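Number of protein chains: 2
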Amino acid sequence: MNTTAYDVLKAQCSQEWDSTIHHRFVNELVSDTLPDEILRHYLIQDWQFSYDFYSLLGEAIAAADTMPAKVRLGQQMGFIANDENTYFHDRFVQFHVSDDELTAPELTPSSKGFRKLYRDAVDSHSYAQALAVLVVAESIYLDWAEESTAGGSRMPEKDQHIGWIDVHRGNDFSAWVQFLIDEFNRVADPQDSEVARHFTDAVHFELGFFDDAYIHE
Amino acid sequence: MNTTAYDVLKAQCSQEWDSTIHHRFVNELVSDTLPDEILRHYLIQDWQFSYDFYSLLGEAIAAADTMPAKVRLGQQMGFIANDENTYFHDRFVQFHVSDDELTAPELTPSSKGFRKLYRDAVDSHSYAQALAVLVVAESIYLDWAEESTAGGSRMPEKDQHIGWIDVHRGNDFSAWVQFLIDEFNRVADPQDSEVARHFTDAVHFELGFFDDAYIHE
Numbered sequence: 004m005n006t007t008a009y010d011v012l013k014a015q016c017s018q019e020w021d022s023t024i025h026h027r028f029v030n031e032l033v034s035d036t037l038p039d040e041i042l043r044h045y046l047i048q049d050w051q052f053s054y055d056f057y058s059l060l061g062e063a064i065a066a067a068d069t070m071p072a073k074v075r076l077g078q079q080m081g082f083i084a085n086d087e088n089t090y091f092h093d094r095f096v097q098f099h100v101s102d103d104e105l106t107a108p109e110l111t112p113s114s115k116g117f118r119k120l121y122r123d124a125v126d127s128h129s130y131a132q133a134l135a136v137l138v139v140a141e142s143i144y145l146d147w148a149e150e151s152t153a154g155g156s157r158m159p160e161k162d163q164h165i166g167w168i169d170v171h172r173g174n175d176f177s178a179w180v181q182f183l184i185d186e187f188n189r190v191a192d193p194q195d196s197e198v199a200r201h202f203t204d205a206v207h208f209e210l211g212f213f214d215d216a217y218i219h220e
Numbered sequence: 004m005n006t007t008a009y010d011v012l013k014a015q016c017s018q019e020w021d022s023t024i025h026h027r028f029v030n031e032l033v034s035d036t037l038p039d040e041i042l043r044h045y046l047i048q049d050w051q052f053s054y055d056f057y058s059l060l061g062e063a064i065a066a067a068d069t070m071p072a073k074v075r076l077g078q079q080m081g082f083i084a085n086d087e088n089t090y091f092h093d094r095f096v097q098f099h100v101s102d103d104e105l106t107a108p109e110l111t112p113s114s115k116g117f118r119k120l121y122r123d124a125v126d127s128h129s130y131a132q133a134l135a136v137l138v139v140a141e142s143i144y145l146d147w148a149e150e151s152t153a154g155g156s157r158m159p160e161k162d163q164h165i166g167w168i169d170v171h172r173g174n175d176f177s178a179w180v181q182f183l184i185d186e187f188n189r190v191a192d193p194q195d196s197e198v199a200r201h202f203t204d205a206v207h208f209e210l211g212f213f214d215d216a217y218i219h220e
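Top line first, the protein sequences correspond to chains A and B. Each residue of the first sequence is one higher than the last, beginning at 4 in our numbering. Each residue of the second sequence is one higher than the last, beginning at 4 in our numbering.
Chain A on its own, in the form it takes in the complex (with noise of 0.2 angstroms):
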């Protein structure tokens, strides 16, 4: 029985789930077998909303109304600007990304759409909005990358696939997806069709975007 504003929006867009955390492009980034220019376009593309997940996640914690959720969500916000933005910044050295290639490179629909939906949450105000989308993107990551690993026994060995696994799975990333969930819970209606809305699109713009690094294929 679904219960929680998290289960009965998650089972909604269940298909769209599973295609995502299944999807080609996490199976070959799992067996190293990711061809690096895909994986290179698809960096470039994802680094363009990583400036709206941040202003997401900052809003979150300018949203949020209890003291322990802006402490956590502040910790995980200095995860991102250190750890992730390391393995972002090592990749674009890696791959010889030059700075021009990083200031507007022609954005996939996905990413379009992304930047969008990250943009309206920010511009809600909603801390329950903000959410939404927040969870879709950190536990659907979970999701793939526990699963596909099943649970970190089964690793690749390049370093760049490496790389996006760790910062996407584990203990303290559990930890604090399970914290989304539960803060999502706490303050998410599932009949709110805004809240809704912000969900499902950000299930569906996830599954795009991994659509979306073969679109040069």
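These are computed hints drawn from the structure, not numbers from a lab. Some hints here could point you the wrong way.
Heads up, the list lumps identical chains together, so a pair's fine if it works in one copy or across two of them.
SDA-like, lysine to any residue: derived pairs with alpha carbons at most 20 angstroms apart [claimed, not checked]:
1. LYS119 x THR69
2. LYS161 x HIS92
3. LYS119 x LEU105
4. LYS115 x THR69
5. LYS119 x GLY211
6. LYS119 x ASP68
7. LYS119 x ASP214
8. LYS115 x ASP68
9. LYS115 x ILE218
10. LYS161 x HIS99
11. LYS115 x ASP103
12. LYS161 x ILE47
13. LYS161 x TYR90
14. LYS119 x MET70
15. LYS115 x MET70
16. LYS119 x PRO108
Here the structure is a predicted model, which is why all the values come from computation and not from measurement.
Following the hints, position chain B against chain A.
Only chain B this time, still in chain A's reference frame:
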């Protein structure tokens, strides 16, 4: 000659600025003579508008208009949610501060003023106004912490005093403050009355906050 927004506004409130960084509270903290009761009361009050400080820094991350700025603000958010948060919790244990005492204590006049000022800055959704308050909060603390300890060469011995100085001086904290000053000068117009009011009110409440530490004497 004052040429930057920061220098112009700092000069306009130089008296209150100097009174703050040479305050009795600072002198007693650095010389290990600050009574625990005074520090205890000060930290309980400070913790109240820490809630608003997190909101403000989150809002600054959301409103910042460049990726490097978002990343730098995000890194400092992590430092505050980890190192500074630990200092607070260690003190609350040391001074036997109960959860009840942290929940809605009677606010001093300056705490009330700070909460309203910070809330106004958050609700403005203006990066310049958020920076006006942040740059005062952080640079006035750097100024007293560096000056009173002669650049860290004359430190107190008690943990509760060392800790509060350590999170407000040194190379990392100086670099953070310089970043805020540079950002403020980049985006703020000192002729903007709202920006000027946020800056000067913040200085006024910093001085009042040290004064209010002794309100029950």
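To see whether the hints hold, each was checked on the structure:
{"no.": "1", "hint": "LYS119 x THR69", "in the structure": "between (28 angstroms within a copy, 17 angstroms between copies)"}
{"no.": "2", "hint": "LYS161 x HIS92", "in the structure": "within (16 angstroms within a copy, 41 angstroms between copies)"}
{"no.": "3", "hint": "LYS119 x LEU105", "in the structure": "within (19 angstroms within a copy, 39 angstroms between copies)"}
{"no.": "4", "hint": "LYS115 x THR69", "in the structure": "between (32 angstroms within a copy, 18 angstroms between copies)"}
{"no.": "5", "hint": "LYS119 x GLY211", "in the structure": "within (14 angstroms within a copy, 43 angstroms between copies)"}
{"no.": "6", "hint": "LYS119 x ASP68", "in the structure": "between (25 angstroms within a copy, 16 angstroms between copies)"}
{"no.": "7", "hint": "LYS119 x ASP214", "in the structure": "within (18 angstroms within a copy, 47 angstroms between copies)"}
{"no.": "8", "hint": "LYS115 x ASP68", "in the structure": "between (30 angstroms within a copy, 18 angstroms between copies)"}
{"no.": "9", "hint": "LYS115 x ILE218", "in the structure": "within (14 angstroms within a copy, 55 angstroms between copies)"}
{"no.": "10", "hint": "LYS161 x HIS99", "in the structure": "within (17 angstroms within a copy, 50 angstroms between copies)"}
{"no.": "11", "hint": "LYS115 x ASP103", "in the structure": "within (19 angstroms within a copy, 47 angstroms between copies)"}
{"no.": "12", "hint": "LYS161 x ILE47", "in the structure": "within (19 angstroms within a copy, 49 angstroms between copies)"}
{"no.": "13", "hint": "LYS161 x TYR90", "in the structure": "within (13 angstroms within a copy, 39 angstroms between copies)"}
{"no.": "14", "hint": "LYS119 x MET70", "in the structure": "between (29 angstroms within a copy, 17 angstroms between copies)"}
{"no.": "15", "hint": "LYS115 x MET70", "in the structure": "between (33 angstroms within a copy, 17 angstroms between copies)"}
{"no.": "16", "hint": "LYS119 x PRO108", "in the structure": "within (16 angstroms within a copy, 41 angstroms between copies)"}
Checked against the numbered hints above, the structure violates none of them.
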